[in-house]
Amino acid sequence: MAYIVGTDRYQTRMVTTSLDDLISKDNSVRVIDSYVESLNLETLGFIEYSGRNRGQSPYRRFDLLKLHIYGYLNKIRSSRALETEAKRNLELMWLINCITPDHGTIAGFVQKNKAVFHNTLRNLTLILKGWGLIDGEMIVIDGTKIRAQNSKHNCITQSGLDKKIEYAEAQINAYLMAIVKDEVLADDLTDKLKTYQELKKQYLTQKQELKDKGLEQKSLTDPDSRRMKNNGSLDICYNVQFVVDAKNHFVVDISTTNDINDQNQLYTMAQKASELLEKESSTVLADTGYYNGTEIKNCVDAGMNVFIKKAKANNATKNNEFRKEKFIYNGETDEYTCPAGDRLRFFENTSKNGMKYRKYKCTDCNSCKYKKDCTTSSSGRMIQRWVYEDVSWSIHLGL
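Each number in the working numbering comes from the position in the sequence shown (counting from 1) with 729 added on.
Keep in mind that the hints were calculated from the coordinates and are not lab data.
One thing to keep in mind: the hints can contain errors.
Listed next, the in silico SDA-like pairs over lysine to any residue satisfying Cα-Cα at most 25 Å (straight line) [as the list claims (entries may be wrong)]:
| id | residue 1 | residue 2 |
| --- | --- | --- |
| 1 | 942 | 958 |
| 2 | 1088 | 1076 |
| 3 | 1090 | 1067 |
| 4 | 843 | 830 |
| 5 | 881 | 976 |
| 6 | 892 | 873 |
| 7 | 976 | 1085 |
| 8 | 1085 | 1118 |
| 9 | 841 | 985 |
| 10 | 976 | 960 |
| 11 | 841 | 858 |
Label pairs and their calculated CB-CB ranges [to be verified]:
| id | residue 1 | residue 2 | range |
| --- | --- | --- | --- |
| 12 | 945 | 1053 | 43 to 49 Å |
| 13 | 980 | 839 | 15 to 21 Å |
| 14 | 1075 | 1038 | 25 to 31 Å |
Note that the Cβ used here is the ideal one computed from N, Cα and C, for glycine as well.
Can you make the complete structure from the sequences, with help from the hints?
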């Protein structure tokens, strides 16, 4: 049977093809090359190497930036993987002119210029806007959780430290009793006792540090990461926020936070995008996770049109005919009417988490035949209304 076979690897060849001939005209590396070469890296904030120091000359910052952008586009994340690809990947050889920086140089470039990589993205956004590919008329905000290097075991919390301290104390007491009972093993037990005493001291120090800094938790490997829900489980993560322009689905801006949810990110991200695009009014779309009255009001006050779906009622109340959404508010009389026709009048102001509310109480709740379906409170049904709820309600109706 005949097989397809290659040529002898030891066969001498006369290769007359250049690297440029091997890269197609529509290859994405040509876009990377043209874009990076057009940048003023000094203006963007990249560190300049003088080249006057003794030793090996530095690599061009342009080439190192191209290398990293290529890695991001092709899901090559580690500096060691980029080092390997630079030696065997024809596209990279063309892009960075066959230089072969080691992984230390590659990682160091990011470490020293971490803050200004964001400026590069924002610069690209402005270029795309100039080409008419981004207009800022409608922007979409969303977020995703990205796992940190930090493991769950290297994340300390107040409650977790309390349990560890309790366990260490139990072990200390157990070894003290064992030493008293068995003098023969006293030396071995004393070493173990000292180990738990040191651990207890370490846990107490960490607990005091959390208290002094007002922290609920701290990640030891990645200090900025936090424990948060991710795909139904708890992981040590970062919360990455991004803004996408709806016209051609280009990313406009990004931000990395350690907030455990998206509720406080709407206005910040929308405002950053508006300032970058110099857009006075944009239409902002986001999912239920961004529904926060204060954030919505800030966007509306800034001239933005906001469309967010309000959070659904939980399973216990979604089919209840007496949930808050069924009560009709009358702005002229400043009172609610319940599904049974009774009125709820204002009776006090209150506040929570910096937000001001007005409370309304039913005037004739005890005689209502639906009371047991409406409330379990002996004082009758009450409703709490945010002072700017008209804003958030109009946003809710928008969808």
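We went through each hint and held it up to the structure:
Pair hint residue 942 plus residue 958 holds up; C-alpha atoms about 23 Å apart against a cutoff of 25 Å. The suggested pairing of residue 1088 with residue 1076 holds, with an alpha-carbon distance near 6 Å, which does not exceed 25 Å. Distance hint between residue 1090 and residue 1067 is fulfilled; the C-alpha atoms sit about 11 Å from each other, no more than 25 Å. Distance restraint check for residue 843 and residue 830: the Cα-Cα separation of roughly 18 Å lies within the 25 Å cut-off, and the hinted pair is therefore satisfied.
Pair hint residue 881 plus residue 976 does not hold up; C-alpha atoms about 40 Å apart against a cutoff of 25 Å. Simply put, residue 892 and residue 873 have alpha-carbon atoms about 31 Å apart, too far for the 25 Å limit, and the pair is violated. Pair hint residue 976 plus residue 1085 does not hold up; C-alpha atoms about 38 Å apart against a cutoff of 25 Å. Under the criterion of a C-alpha separation no larger than 25 Å, the hint pairing residue 1085 with residue 1118 is consistent with the structure, at around 10 Å.
Proximity of residue 841 to residue 985 is assessed by CA-CA distance (about 18 Å); at most 25 Å being required, the pair is judged to hold. Note on residue 976 and residue 960: the hinted pairing is violated, with a Cα-Cα distance of about 29 Å set against a maximum of 25 Å. For the suggested pair residue 841 and residue 858, the alpha carbons sit about 29 Å apart, so the restraint of at most 25 Å is broken. At about 30 Å, the beta-carbon gap between residue 945 and residue 1053 misses the expected band of 43 to 49 Å.
Judged by the Cβ atoms, the range 15 to 21 Å given for residue 980 and residue 839 holds: they are separated by roughly 19 Å. Checked against the hint of 25 to 31 Å, the pair residue 1075 and residue 1038 passes, with Cβ atoms roughly 29 Å apart.
When held up to the earlier numbered hints, the structure conflicts with 5, 6, 7, 10, 11, 12 and fits the remainder.
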